[in-house]
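Protein chains in written order, with this note's numbering: chain G, 1 to 455; chain U, 1 to 188.
Just so you know, these hints were derived from the structure itself, not from any lab.
Beta carbons: idealized from backbone N, C-alpha and C, even for Gly.
Be aware that a few hints might be false.
As the list claims (entries may be wrong) - Once the Cα atoms are required to be at most 30 Å apart in a straight line, the calculated BS3-like pairs of lysine-lysine come out as: (1) Lys66/U with Lys103/U; (2) Lys86/U with Lys116/U; (3) Lys155/G with Lys251/G; (4) Lys117/G with Lys76/G; (5) Lys48/U with Lys251/G; (6) Lys251/G with Lys76/G; (7) Lys62/U with Lys103/U; (8) Lys116/U with Lys76/G; (9) Lys117/G with Lys226/G; (10) Lys226/G with Lys155/G; (11) Lys117/G with Lys116/U; (12) Lys74/U with Lys62/U; (13) Lys86/U with Lys66/U; (14) Lys86/U with Lys76/G; (15) Lys76/G with Lys48/U.
Stated by the list, open to error - What follows is a list of derived Cβ distance ranges for each label pair: (16) Asn159/U with Ile16/G: 30 to 40 Å; (17) Leu275/G with Gln147/U: 52 to 62 Å; (18) Asn159/U with Cys387/G: 50 to 60 Å; (19) Asn159/U with Tyr97/G: 46 to 56 Å; (20) Ala111/U with Asp77/G: 50 to 60 Å; (21) Gly319/G with Ile14/U: 34 to 44 Å; (22) Asn383/G with Arg123/U: 17 to 27 Å.
Here is what each chain is made of, one letter per residue.
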Amino acid sequence: MWEQIAANRRRSAVLITTMAAVLLSLGYLAGEAIAPGAGLIGLTAAFIIWLIQMGLYFGAAESVLLAGSGAHEIQKDDSPRLFNVVEEMVLASGLGYTPRIYLIDDPAPNAFAIGRKPGSSAVAVTTGLLHRLNRDELQGVIAHEIGHLKNQDVKFMTLAAVMLGSIVMLSEIFLRSLRFGGRSSRRSESRGGGGQAQLILLVIAIAFAILGPLFAQVLYFACSRKREFLADASAAQFTRYPEGLASALEKIAGASMPVTCANKTTAPLYIVNPLAATGQSLSLFSTHPPTEERIRILRSMGGSSLADYEAAYQRAGHGGLIGRQSLQESPAQSIRDASTDGPVESPPDTRAIQSRQCGYIPVHCNCGLDISVPETYNRDTINCVRCGSVLTIPGTSPLPTGGEGQGEGVSLQFQRQTDGWESFRCACGRTIQLSPGFAAPRVRCGSCGRSIEVV
Amino acid sequence: MSAALIVVIVIGVILLAVIGWFIGAYNGLVRLRNQLENAWAQIDVQLKRRYDLIPNLVETVKGYAKHERETLEKVIQARNMAMNAKTIGERAEAENILTGTLKSLFAVSEAYPDLKANQNFLRLQEELTSTENKVAFSRQFYNDSVQQFNTSIQVFPTNIVAGMFSFARRDFFEVKEEAVREAPKVSF
Chain G
1 MWEQIAANRR RSAVLITTMA AVLLSLGYLA GEAIAPGAGL IGLTAAFIIW
51 LIQMGLYFGA AESVLLAGSG AHEIQKDDSP RLFNVVEEMV LASGLGYTPR
101 IYLIDDPAPN AFAIGRKPGS SAVAVTTGLL HRLNRDELQG VIAHEIGHLK
151 NQDVKFMTLA AVMLGSIVML SEIFLRSLRF GGRSSRRSES RGGGGQAQLI
201 LLVIAIAFAI LGPLFAQVLY FACSRKREFL ADASAAQFTR YPEGLASALE
251 KIAGASMPVT CANKTTAPLY IVNPLAATGQ SLSLFSTHPP TEERIRILRS
301 MGGSSLADYE AAYQRAGHGG LIGRQSLQES PAQSIRDAST DGPVESPPDT
351 RAIQSRQCGY IPVHCNCGLD ISVPETYNRD TINCVRCGSV LTIPGTSPLP
401 TGGEGQGEGV SLQFQRQTDG WESFRCACGR TIQLSPGFAA PRVRCGSCGR
451 SIEVV
Chain U
1 MSAALIVVIV IGVILLAVIG WFIGAYNGLV RLRNQLENAW AQIDVQLKRR
51 YDLIPNLVET VKGYAKHERE TLEKVIQARN MAMNAKTIGE RAEAENILTG
101 TLKSLFAVSE AYPDLKANQN FLRLQEELTS TENKVAFSRQ FYNDSVQQFN
151 TSIQVFPTNI VAGMFSFARR DFFEVKEEAV REAPKVSF
């Protein structure tokens, strides 16, 4: 279903063929340039390099890449919600199999999908993502990843990466052999015959060796960006709720912290480039389109079908994205309502507990910054010092530990029992802490302003 | 002689092309129909799972919210009605009523803090929420498949193949919006 896969396959075939042509002509030219008539040897060398690269990439199982990313497989009991959301998206996409689910212990929110065939497919998310997104947003992210699997992006991008790797390697070898192996070229010079033609060929080969990898890279990255857009379109179609993914992307991009275990090999896999912490700008060599643009396109969709995404995509000043056939076959879909589920509950945050113990209110901003607001701060909101967004300060909940709170009720008096640390609750619910050195006769509550007598 | 040969070859090629297209169209239709039946089976799996979860939920809630007998009975009733439904239309309607009663059950449970702190209840709530979603998503995929299938057996020239092998139109799994939107009664 959804024939963008077919359109993808055609486009992919063109790309792979182009890259193969670059690789082979580079091999031939390099061979001819080093020694006349050795073009065939060059071709063979190019092919052998491709075979080796192919073996390296396809030999490296998904499990190796996953382990390299610090991911460990989880069972349903570890995170029922994540499991359920993945299963929901498998049903919505008609994928036909459930990928394995991995968790990465990293506070930076991000996710990726991997797998060239059903049996080895996996979806990995970071703990930061799980704790920061609500159900709709998580659904959007997972739908994007399932979209990658459905469109067979991983398989194709691996093939393209093999081609790119081979081209880069071949040109490296050729350029190095020119620098260090001067003998062969001198020999061909001394032979005299067609020296000038040989020189021209050499220049062409060098130009090709320098420009070929660049060209292949530009192609590769352009394709990678296009596939991100396509996966976004799929996500909107599966969830019928583009806002979920848009808001998730906003949170992920706003977190602006790099994923610790991500590297250049795994970076293209993630939903948002995990290495570019801030200021993503579009260049020919970026693996992902600018996140702001992806959000803008998702938010300007009139419905949730592929055709709606195509329209929004073209409005953003791009050419066509989705094949004509799949557009015709995609039925019109409206956008559903938001679900009422709250944010995913995060485990107790030790840092927050600590700062609460010390008389500060922890406030978490979506940009990733944790702010500690003193209890005496007497306004309801505070501006994030990094991104400037307005944050509401939550009322403090009772301390989870050390709850020897006394003096409840509406009394405006607190009886000190010891000389050590003491905490009690004000009538408004705020916890007030007294230090061992506290000597004043009264203390002012930070939220309601009541003055409480300390005896 | 050679002209006749050319004619024979041309006719042969055209015939081969037509047969090839025929096979392709037929296989495409079969693939679509299988996908559709698969999707339908998925809806069934999820609905069954919901029936299995409901007795557990009712048992858990009973222990904490003794005064909600009426709501609980309604849930059980709706479940039995859905399980015994005969036609697709009847079933869809019963499922919608069940969804409504479950919503009111969860709304009612808000009034019982002890129940809301119960791990078992939270787990069941998550499972049921997700099962609801899974039903909705399987239905979404089923309906998309039906639309694609119905379109392809109607358009020319695939309709010839569809007519020859009697591929019949399929019904959508419809949801009556009013039933789903029925506001849950909340009593504290």
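Evaluated hints:
{"no.": "1", "hint": "Lys66/U with Lys103/U", "in the structure": "holds (18 Å)"}
{"no.": "2", "hint": "Lys86/U with Lys116/U", "in the structure": "violated (36 Å)"}
{"no.": "3", "hint": "Lys155/G with Lys251/G", "in the structure": "holds (28 Å)"}
{"no.": "4", "hint": "Lys117/G with Lys76/G", "in the structure": "holds (22 Å)"}
{"no.": "5", "hint": "Lys48/U with Lys251/G", "in the structure": "violated (37 Å)"}
{"no.": "6", "hint": "Lys251/G with Lys76/G", "in the structure": "holds (25 Å)"}
{"no.": "7", "hint": "Lys62/U with Lys103/U", "in the structure": "holds (16 Å)"}
{"no.": "8", "hint": "Lys116/U with Lys76/G", "in the structure": "holds (21 Å)"}
{"no.": "9", "hint": "Lys117/G with Lys226/G", "in the structure": "holds (21 Å)"}
{"no.": "10", "hint": "Lys226/G with Lys155/G", "in the structure": "holds (15 Å)"}
{"no.": "11", "hint": "Lys117/G with Lys116/U", "in the structure": "violated (42 Å)"}
{"no.": "12", "hint": "Lys74/U with Lys62/U", "in the structure": "holds (13 Å)"}
{"no.": "13", "hint": "Lys86/U with Lys66/U", "in the structure": "violated (33 Å)"}
{"no.": "14", "hint": "Lys86/U with Lys76/G", "in the structure": "violated (34 Å)"}
{"no.": "15", "hint": "Lys76/G with Lys48/U", "in the structure": "holds (20 Å)"}
{"no.": "16", "hint": "Asn159/U with Ile16/G: 30 to 40 Å", "in the structure": "holds (37 Å)"}
{"no.": "17", "hint": "Leu275/G with Gln147/U: 52 to 62 Å", "in the structure": "violated (42 Å)"}
{"no.": "18", "hint": "Asn159/U with Cys387/G: 50 to 60 Å", "in the structure": "holds (58 Å)"}
{"no.": "19", "hint": "Asn159/U with Tyr97/G: 46 to 56 Å", "in the structure": "violated (33 Å)"}
{"no.": "20", "hint": "Ala111/U with Asp77/G: 50 to 60 Å", "in the structure": "violated (29 Å)"}
{"no.": "21", "hint": "Gly319/G with Ile14/U: 34 to 44 Å", "in the structure": "holds (37 Å)"}
{"no.": "22", "hint": "Asn383/G with Arg123/U: 17 to 27 Å", "in the structure": "violated (40 Å)"}
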